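*Asks:* Given the sequences, and given the hints that come with them, work out the whole structure.
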Amino acid sequence: MSRLESVRDYAGEPAGEQAETFRAAVLPVPYDGTSTWGKGADRGPDALFEALENMELHDIETGAEVHREGIAILESVPVEVNGQILSPEQVRDAVHARVEEILDLGTLPVLVGGEHSVSIGAIQACARAEEGMAVLHIDAHSDLRSEFHGSACNHACALHWASQHLRLVQVGIRSSEAEERAFEQEGNVFHASRCHHTADAEWIEEAVNRLGHAGTPLYITVDLDAFDPAYLPETGTPEPGGLDWYQVTGLIRAAAEQHRVVGFDVVELAPRMERSPSAFTAAKLLHKMLTYILKPQPPLHQDH
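Whatever position you read off the sequence shown (first residue = 1), add 491 for my numbering.
Note that these hints are calculated values from the structure, not bench results. Misleading hints may appear alongside valid ones.
Derived SDA-like pairs: lysine to any residue, alpha-carbon spacing no greater than 20 Å straight-line [to be verified]: (1) 775 x 745; (2) 530 x 574; (3) 530 x 640; (4) 530 x 704; (5) 530 x 763; (6) 779 x 741; (7) 779 x 530; (8) 779 x 548; (9) 775 x 556.
From a predicted model like this one, the values you see are computed outputs, not experimental measurements.
*Replies:* See below:
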């Protein structure tokens with residue numbers, strides 16, 4: 492079987508057979524090798540896909556039905572060999588290779604994690620393909636450490652490489668170590684407190700403008716702990732004082748309207764119950780992001 496064949500229908504909707512015809516390819520990475528508190532991110536992709544199959548797919552906000560655009564769910568990136576969990580460096584390299592294959596087909600790569608270390612390879616692959624790429628990082632944590640627990644590919648280091656090589660705008664941050672402040676890009680960190688004490692339209696416009704000129708190639712990485720735990724509690728490291736649904740989706744829609752999204756990920760779902768409400772929220776976010784980024788035309792109105 493080709494590694495780019497769809498192995499699961501998106502939201503139960505048949506997407507075709509070969510990735511050459513897809514507008515987006517969803518790549519599951521069920522890796523939980525570096526998480527340090529709440530475990531379970533390896534269960535994130537399956538829980539999200541199950542929730543997706545039980546969602547109503549018409550988007551009220553835009554009138555669009557993105558599931559009709561040709562979206563593949565690919566075979567998961569292997570995260571263990573002979574029962575041994577791979578190192579984060581090995582997973583980074585595997586993700587990098589798979590994302591390169593997707594990009595070579597002119598298809599939008601979409602990662603579903605897994606913990607945040609899985610984003611490193613995807614960001615690097617997209618940056619290699621897209622000169623001048625920027626990164627929008629939506630998260631509770633800075634994730635800027637140069638290394639953690641002996642690895643530069645730890646989930647706590649997920650955005651360090653991007654901070655050194657790309658324009659990086661971070662939104663929702665409310666937890667950081669002092670050492671990470673040295674790697675922040677001046678003026679490009681929008682702490683959650685600022686988001687709550689400034690009109691949404693104001694800080695969203697500034698954050699989107701800081702990503703670069705209109706049409707800048709953009710990678711978006713969403714750690715679900717960016718949300719306040721009241722909205723999404725089942726994640727590896729929840730933090731109080733987070734963003735709400737409309738702040739996150741409003742930011743992503745504005746970024747997708749002004750810039751050219753070349754890849755994105757949704758990571759750190761760690762479901763702890765069957766039919767997880769957090770998984771449903773994560774699935775809804777994935778569907779929303781695809782809608783904003785692929786920009787499908789609303790179907791013609793039909794009388795019933």
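*Asks:* Against this structure, judge whether each hint is valid.
*Replies:* Cross-check of the supplied hints:
| no. | hint | verdict |
| --- | --- | --- |
| 1 | 775 x 745 | holds, 18 Å |
| 2 | 530 x 574 | holds, 18 Å |
| 3 | 530 x 640 | holds, 16 Å |
| 4 | 530 x 704 | violated, 39 Å |
| 5 | 530 x 763 | holds, 9 Å |
| 6 | 779 x 741 | holds, 10 Å |
| 7 | 779 x 530 | violated, 26 Å |
| 8 | 779 x 548 | holds, 10 Å |
| 9 | 775 x 556 | holds, 13 Å |
Of the numbered hints listed earlier, those contradicted by the structure are 4, 7.
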